[in-house]
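S.K.: Read off the chains here:
Protein chains: 2
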Amino acid sequence: MNNYFIGIDIGGTNTDIGLVDTNGHVIGRQRISTQTFTDKESYVAAMAEGIRTLMQTHGASHTASIGIGAPNSNFFEGCIEAGTANLPIKERIPLKEMMERIFNVPVVVDNDANAAAYGEMIYGGGRGMRHLITITLGTGIGSGIIVDGRLVHGHTGNAGELGHSIVMPHGRPCGCGRRGCIETYASAHGICQNYVEAAEEAGRPLSVAERKALTCQQVGEAARQGDPIACRAYEITAQWLGIALANAANFSAPEAIFLMGGPTRAGEALLQPLRKAFEENLLFLYKNKISIRLSELDGNDAAILGAAAIGRMER
Amino acid sequence: MNNYFIGIDIGGTNTDIGLVDTNGHVIGRQRISTQTFTDKESYVAAMAEGIRTLMQTHGASHTASIGIGAPNSNFFEGCIEAGTANLPIKERIPLKEMMERIFNVPVVVDNDANAAAYGEMIYGGGRGMRHLITITLGTGIGSGIIVDGRLVHGHTGNAGELGHSIVMPHGRPCGCGRRGCIETYASAHGICQNYVEAAEEAGRPLSVAERKALTCQQVGEAARQGDPIACRAYEITAQWLGIALANAANFSAPEAIFLMGGPTRAGEALLQPLRKAFEENLLFLYKNKISIRLSELDGNDAAILGAAAIGRMER
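Residue numbers (this note's numbering), protein chains in the order written: chain A, 1 to 315; chain B, 1001 to 1315.
In short, the hints are calculated from the structure, not lab data.
Every residue, glycine too, gets a C-beta built ideally from N, C-alpha and C.
Derived coverage of chain A by chain B (criterion: at least 3 residues anywhere in the stretch with Cβ under 8 Å from a Cβ of chain B; other residues may be distant):
| hint | stretch |
| --- | --- |
| 1 | 123-135 |
| 2 | 156-164 |
| 3 | 173-187 |
| 4 | 244-256 |
| 5 | 282-293 |
All chains should be built: construct the whole structure from the sequences, respecting the hints.
M.R.: What follows is the structure, given as structure tokens:
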């Protein structure tokens, strides 16, 4: 008998429900609009309906577990906290309790960065590893840390915020209110700022209008095509990220650090200088022992696979 | 029946063996000279003899486990690696294997920083905690990290080198060959250098002879007595250490960070500015949730208690 797992990825716009088989294939999907719901009861009922539809469609009589990746979630309590930005529902949503009552199977709720890390270990390039870190580059920088096969939640439940490691005291201002976080140098916005600096270095400063219109996707695309300013922007990114990842290595000495997210589509323009900067900044004990790799979870399925994976967490 | 545990602290000069009871009291000690031994067989035989003498003297018929804190040790293999500096024995010493053959009880070998962390959790201020970090300030900076009740060894076995977190790119040169490690700002030598800077700031630069003669102990003593330059030196120390510890918090969000080692004897001259700098540099998620504390292991017994504690590690 095949075992099925449900993975749910809650985003501000859509809630994606996936039916995943034992081999990590997403064999069916249902999408509901997150914005439609303003109370937890109707939202959870819609999710439950989506799950039932999926299972009937694919002849799955049973799901072994349900994993939910959600913003502003509390792993210990299995809920989405009250007042979550981007969600129309402003009350606390005790997802674990509500879903377990309906389906009578284990339900795990965690943030999407942790789900990504666990998904990498169960279904992606981290299969067979016990120690890994995943870094998601995007609007911000998210991270998930696995030590000895288990996600690090810490005493507070929300450990693993490597995006807010300070790499430069008194450095660039960060959205968190502090300065010099790696997020300010290696997020999509940080990479754009690196491009602005690189253009200045090259004696070709951008106009205000050009700066405003600049996107990280453009910088990545230009870097892939060998544009020297864009490549230099990624080199600056890599120099900062190399320090942050070398510091992370001191902590848990993982087997690999996986990168995902839009900016990684620059590929070798990021990876090559990053691996160099990482090794240069790495403590001698770890040199040539930790690999920097791209996520092997298919971008389209990554969030659902991550969610399905955390449902399978050892209890 | 009382249970007894053996803790062995291997140093370059002495090897201290302690008999520890269930309540964490060191009820007996034996000391052998590490430097006397140049081959592993006679060294291990002397340790075994020391253990037997201790047990007979104190009427302990049985030891539940043996924990050994040792330099350059390999936790996974339970050995001291070949070619260890400071030890006269240059061959690999498979301590776990040799001692288990003699005593037929579980033997655990780990480095002293990890032993200190585990000791803090089992016998010190960390009792009842599942997430903590210990930082030992001294010639260098050692650290031990406990996540969910377990020591972080990482994929390579030697994770937890927070002393080599880079807090200032291109900063002070470190003994590890890189620059800007927290060790260069907050080790005994780093604190002396902070004193030199503070004296310059105050318009009272030290002579070459004064610099040479300066010790961290003097700086600590002067700070305890309110000397403004020494206090400023500790303030500089705290500013750097505050960043490093705030970055560590992003990783594992521990319940507490414990400090030990000679420089901590400066007491409030270190703790007060450190707590301030830590909170200022802490990500908002963790503010006022992580305490900075001095180790509660008695300095004289700390190494033996740490060693005894790792012998009791969950297997």
